[in-house]
Amino acid sequence: MEVIISRFNGKKRYTSKFNLALKPDLTVSEVLMLIKNSHDGSLSFRAGCRNGVCGICAVKVNNKSVLGCKTKVKDIVVDDKILIEPLDMFPVIKDLVVDIDNFIENNIDIRSAIVSSSTHKTSQEDMRHLDTVSNCIQCGICFSSCDVLNVNQSFIGPAALLRAYRCVTDKRDGLKNQRLKHYNKENYAWDCTHCENCTTLCPQGINVSEHISSLRKELIEQGLKSKGSSHHLAFLKSINKHGLLNEASYPFFSINFNPLRLKEVLPVGLRMLRKRKSPGIFHKPIKNIEEVRKLFREVKE
Amino acid sequence: MKVAYYPGCVAKGACKELDLSVRLVLERLGIGVTELDTASCCGAGVMNEVKPKLNHVLNARTFSMAEKLNLDLMTICSTCYGRFKSSNQYIKQNLDAINKEIKKIKTSYNGNVKVKHFVEVLNDYGLDELNKKVKKPLRTLKPAVVYGCHLLRPHAVENNIMENVCKSLHSKPINFESKGRCCGFPILMTNRKTSLKLAGKVLTDAIDNGANCLVVSCPLCHMNYDSLQPEVEKVLGRKIKLPVLHLSQLIGLALGLTMEELGMDKHIVDCDKVYHLVHL
Ligand code: FES
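Residue numbers (this note's numbering), protein chains in the order written: chain A, 190 to 490; chain B, 271 to 550.
Some hints here could point you the wrong way.
As the list claims (entries may be wrong) - Calculated lysine-lysine pairs in the DSS-like style (CA-CA distance at most 30 angstroms, straight line):
| id | chain 1 | residue 1 | chain 2 | residue 2 |
| --- | --- | --- | --- | --- |
| 1 | B | 384 | A | 476 |
| 2 | A | 416 | B | 412 |
| 3 | B | 321 | A | 426 |
| 4 | A | 249 | B | 412 |
| 5 | A | 489 | A | 416 |
Calculated directly from the structure, the hints in this document are not laboratory data.
With the rest of the complex left out, here is chain B (with noise of 0.2 angstroms):
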């Protein structure tokens, strides 16, 4: 098995740590990958309420090389996976005219590229095979497991795709309302105050229905979580100290890695906490 890795700009930025954990997680379930490292940003949603034609080009431009390889192309963000889902679908019904953009840079696209997110990876590995690798059973793990507005909103994985993984290691996810709530990222630069109630509803409903740990499928969420938790702390008025884990990092504690190979031990929130539950 083999996937285009497309890490996206926080993994490659202000979270690095993700990209390293997943990147040891591939290779030690002995997933193939290679990387699209002339790749540029999916627009974020950003691009699109400015430029949204440039937008698709620059994308038809990253699936190409994707195209190229014959593989699917992985993405480790709920909010890449949204924006490659919605473009992909929209360059398929205008091919030509995008084709004639990126013609301008020598490339074309096809149309035959199949987007998925790190977690629908795993699935087509096979739960079954992940649980024959763990080492470490996450039996004291209690996880809260938020999937990003776009892993659901508006296409959709499978139903509790992050649950049967998070049970496949061991671990017991807790049933949570906020699930699929939005993490306020997008507008924290805009209004900050509501985007870090938005990431305060997440986390205090995470802890008050007995999780020991966040996981997220998404960069930007990891930010206003983890990151900015000290900034939401203050905005609640209360005490959070909940470790947040990538879901690439919560498989490597299954497969008995360490924190720093995980690059855990870079999280704002520590992850001491997580790691003795583990290792008790």
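Bound conformation, chain A alone (with noise of 0.2 angstroms):
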């Protein structure tokens, strides 16, 4: 088997390759250490618990991030080769080591920590539900895998807003409401797309996508307003309205009809028309619209 190894001395970058007899069973991180052991001790790259806690190990494996103790070479070696990378989006300090500062840098910009302020007692369904959110391990496969970081480098990230979420459910932490307005800020909970990166390769299964969808929720309910919840409150307004949404107006409820904003809507609007495209601003509501404005009076979550 071929093994390709991304390197970085500090000054260049450049590849090594090893070719290996391995056991198919050996994971990533055991074909590192062999290779540091047997073939180039010069290699540099981190390795903790080897047991998938601590979250240490994540690597980039033929273009898919991954726990090197968790992995094994059998699940991810393509045409007898693998290629090991450091993580997208971090500073790379040597080979695959990298600087995560910044990442765990977040954790203090959201206060991670709860802070402690009632005496609420921790019932056992509460404890269920802090269980599912608080499995992260921090290994910033999520960070270096998002979408919208790739772009912009001040979105706070998958990680941080899961924990965020988690701190704004904890019924014993006193600051739910400075979280939620922190958490309501450009480059926070709304400028996630959803993408799912975070969610289909976290190490622990986490859904981090829906949890973030629950902390917007959250952000809605406590009447926060923002660019992401007018556009949500206008959406559903629409949807109850015409079943279908409705393109030509919805955009000019989204922004609110803010005069500011109109240059977002209007030459994209005005293009759609020379086309002879636009959506129709008498938009007809679907067939049997009652039924879907019985059900938005009835289902009230």
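Assembling the complex is the task here: the two chains are given apart, and the hints tell you how they should meet.
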């Protein structure tokens, strides 16, 4: 099997290739260890618990970000080759070792520790919920594979938003209102596109994307205003009225008829009109719209 | 072969040409279509962030229509595909609770509907069959195929299914890293600049790898890549001018249909280039 490793020595990037007879059951971390011990002692990489607990061993293997210690070679090899690279989005220190300071500092930004203010007794049910949202091991895989972060490094990222949601829903925490206001700002909850790379790649199987949705739900329920909430409320209103989205009117409701934001919707609208494909201002509701409206009235959640 | 067709909001609104081309192509292939014309929006990843249960209940109403027809439900949109798949899964696990709600509008759902994307319907139809129908082989086309997040995540279609369709039409899909990347559309109204940059990343990656058109599986992607391409150019400070086609339009070209028949004259970025390449 050919193992190709992306290297960096502080000055330049290069690759090392090793042709090895590997037992298919070895993990990626074990392969790296073997190379370091028997072939090239200068290779740097991180390994800790080797048990999928500490989150320190994340690397990119054949273009997929994984935990080295939990990934078997046989499950990821393509054409008898594996290409091992450092995680994307982090500055490389040496070889496969990356600088995760920015990622960790986002935890400080969102105040990831709860600040107890009440004597609320945590119920079994509360704990079950907290369990599902507290399993993050800070491996950085979601951060490195987030499509939004790739083009906007000011975005706080999936792991921090998951943690934010966890804090907001911890009944012992006394900072809920301050927290929500903070997470409602640009580059926080509303900037996720739900590309779902995080959910798909999370080695802990956490549905990160869905928890980000729940965080937004909290923001809306608390009545916090933002471009995001005004978009979402306009969207629902349009469905209630027409069944399908009225694409001629809803963009205007979404921007709350804010004259400063008209330049976002007018040029596109005019461009479409010129091609005679405007969705039509007089959008007829779908047939049987009464059924949809009835469900809107009766299903509260 | 017959399917229950769910066009979705955009193909009924801002990109009607996509609905037009899908119908025409299915007709030419002899695939029967019953449109679910009383169905409501899939929720688009928006409704579930305000009223998740209502979202599932409305989708159960839509599924019940396809179930009564005893047909698979076909969408032509990656977002509808992802939402419907997730919703269907949830509903099946909570059949009683959901049925209690849709009983109020005198309907019921037993959880038997299969959700399929247009590209999967073509795959069922058979790519050899499709190949036999080709009148105008697309040898000169090098499409960059994009899946839109929700054909891949959280529920993935068969590996390389879009590329395989393209190959059966004799076009040569390029290999490029961005095929699974996000188009940015969901945050167009919340963080416009990031949204346009996301679209720009894919468009420029496609050009830099030698594509002469972009082929999408999703009308929402279509909006960001085509309708907003002038804005993307501004944000990136770079000319792009890459024609964007829905998969159905690419097939339509191979079946010998014209630009007008396929509604390609309605696109914002000029598609003449593509048409001339095919009819050299
Ligand atoms: S070494 Fe601890 S998670 Fe892999």
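Tested hints:
no., hint, verdict
1, B:384 x A:476, "holds (24 angstroms)"
2, A:416 x B:412, "violated (39 angstroms)"
3, B:321 x A:426, "holds (12 angstroms)"
4, A:249 x B:412, "holds (29 angstroms)"
5, A:489 x A:416, "holds (24 angstroms)"
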